[in-house]
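Using the sequences plus the hints, can you model the full thing?
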Amino acid sequence: MEEFTLKTFIFYGFALTTVASALLVVTVRNIVHAAFSLMVTLFGVAGLYVFLQADFLAATQVIVYVGGILVLILFGVMMTSGRLEMRIHIERGQLLLGGAVALVLLMLLLTVIANTPAWKNRIDDGTELPPTTERIGELILNGPFLLPFEVVSVLLLVALIGAALISRKEVRD
Amino acid sequence: MTLQHYLVISAILFTLGIFAVLTRRNAISILMGIELILNSCNLNFAAFSRFMTPEDISGQIIAIFGIVLAAAEAAVFLAIILAIYREFGSIRPDEVDTLKG
Chain A
1 MEEFTLKTFI
11 FYGFALTTVA
21 SALLVVTVRN
31 IVHAAFSLMV
41 TLFGVAGLYV
51 FLQADFLAAT
61 QVIVYVGGIL
71 VLILFGVMMT
81 SGRLEMRIHI
91 ERGQLLLGGA
101 VALVLLMLLL
111 TVIANTPAWK
121 NRIDDGTELP
131 PTTERIGELI
141 LNGPFLLPFE
151 VVSVLLLVAL
161 IGAALISRKE
171 VRD
Chain B
174 MTLQHYLVIS
184 AILFTLGIFA
194 VLTRRNAISI
204 LMGIELILNS
214 CNLNFAAFSR
224 FMTPEDISGQ
234 IIAIFGIVLA
244 AAEAAVFLAI
254 ILAIYREFGS
264 IRPDEVDTLK
274 G
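Those sequence lines, one after another, are chains A and B. For the first sequence, our numbering assigns the number 173 to the last residue and increments by one with no breaks. For the second sequence, our numbering assigns the number 274 to the last residue and increments by one with no breaks.
Everything labelled a hint here was simulated from the structure, so no lab data went into it. You may find that some hints are simply not true.
Some chain B residues near chain A, calculated using beta-carbon distances under 8 Å [stated by the list, open to error]:
no., residue
1, Leu176
2, Ala193
3, Arg197
4, Arg198
5, Ile203
6, Leu204
7, Glu208
8, Leu216
9, Arg223
10, Thr226
11, Ile234
12, Ala243
13, Ala252
14, Phe261
15, Ile264
16, Pro266
Just so it is clear, CB atoms sit at the ideal spot from N, CA and C, and this is done for glycine as well.
Structure below.
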């Protein structure tokens, strides 16, 4: 039984915030409200990364997700939603079926998590690991992840050019 | 905090994302569901990296690649949504049925 310290209290705070705001993302009817709940979820996940001592990952999460992807989503909402489209349309039959599928999936995942022997009793002993930024840079630019890094940069370039090409107005000559 | 705490959080996020993709009838809400799924996946990578191999941070690097892929995916997704909106005047996936037989 772990003792109830300030650290565990904050951890459960982050965990609850993340799960509750994710629940709001998928249930709220107004799409702008859903986008802002998603922002809270992303911040919560960044907090969980801090608890996992993944400092660089937490910073990347905040910068790329909250600063980039969320702004993109809000732009998409602004450019495509008339007053009618702000409310998300949901059909009742799909709600029941989707809820059933999601529940079964959750039960399956929880069963696997509870019963896998290798994952049991892996307790965070509180040892502080050194900051990760330097080691990540070393591994990416001077180590085994150099090739995936280059591939992913080319992929990002292709995606950006493709996005610009798809979304521009067609010019007929 | 144990590994299972993080796995349970990420399982809940994943399930909520699947639920959003299955039930929402708005392309941007579906994108939000996909982002939830990708987040749960990255959280799993970071958690396994911390608890199974504390000295080796390869899992965190995979999670960073995951974030990059999510960014690229969101950009292309929104470009396609804009093109569809210009063509059909709506982003409800069930109204885009030109290919329907």
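Status of each hint after checking the structure:
no., hint, verdict
1, Leu176, "4 Å, holds"
2, Ala193, "4 Å, holds"
3, Arg197, "6 Å, holds"
4, Arg198, "4 Å, holds"
5, Ile203, "10 Å, violated"
6, Leu204, "6 Å, holds"
7, Glu208, "7 Å, holds"
8, Leu216, "6 Å, holds"
9, Arg223, "4 Å, holds"
10, Thr226, "11 Å, violated"
11, Ile234, "5 Å, holds"
12, Ala243, "7 Å, holds"
13, Ala252, "4 Å, holds"
14, Phe261, "11 Å, violated"
15, Ile264, "5 Å, holds"
16, Pro266, "11 Å, violated"
Violated hints, in rising order: 5, 10, 14 and 16; the structure is consistent with all others.
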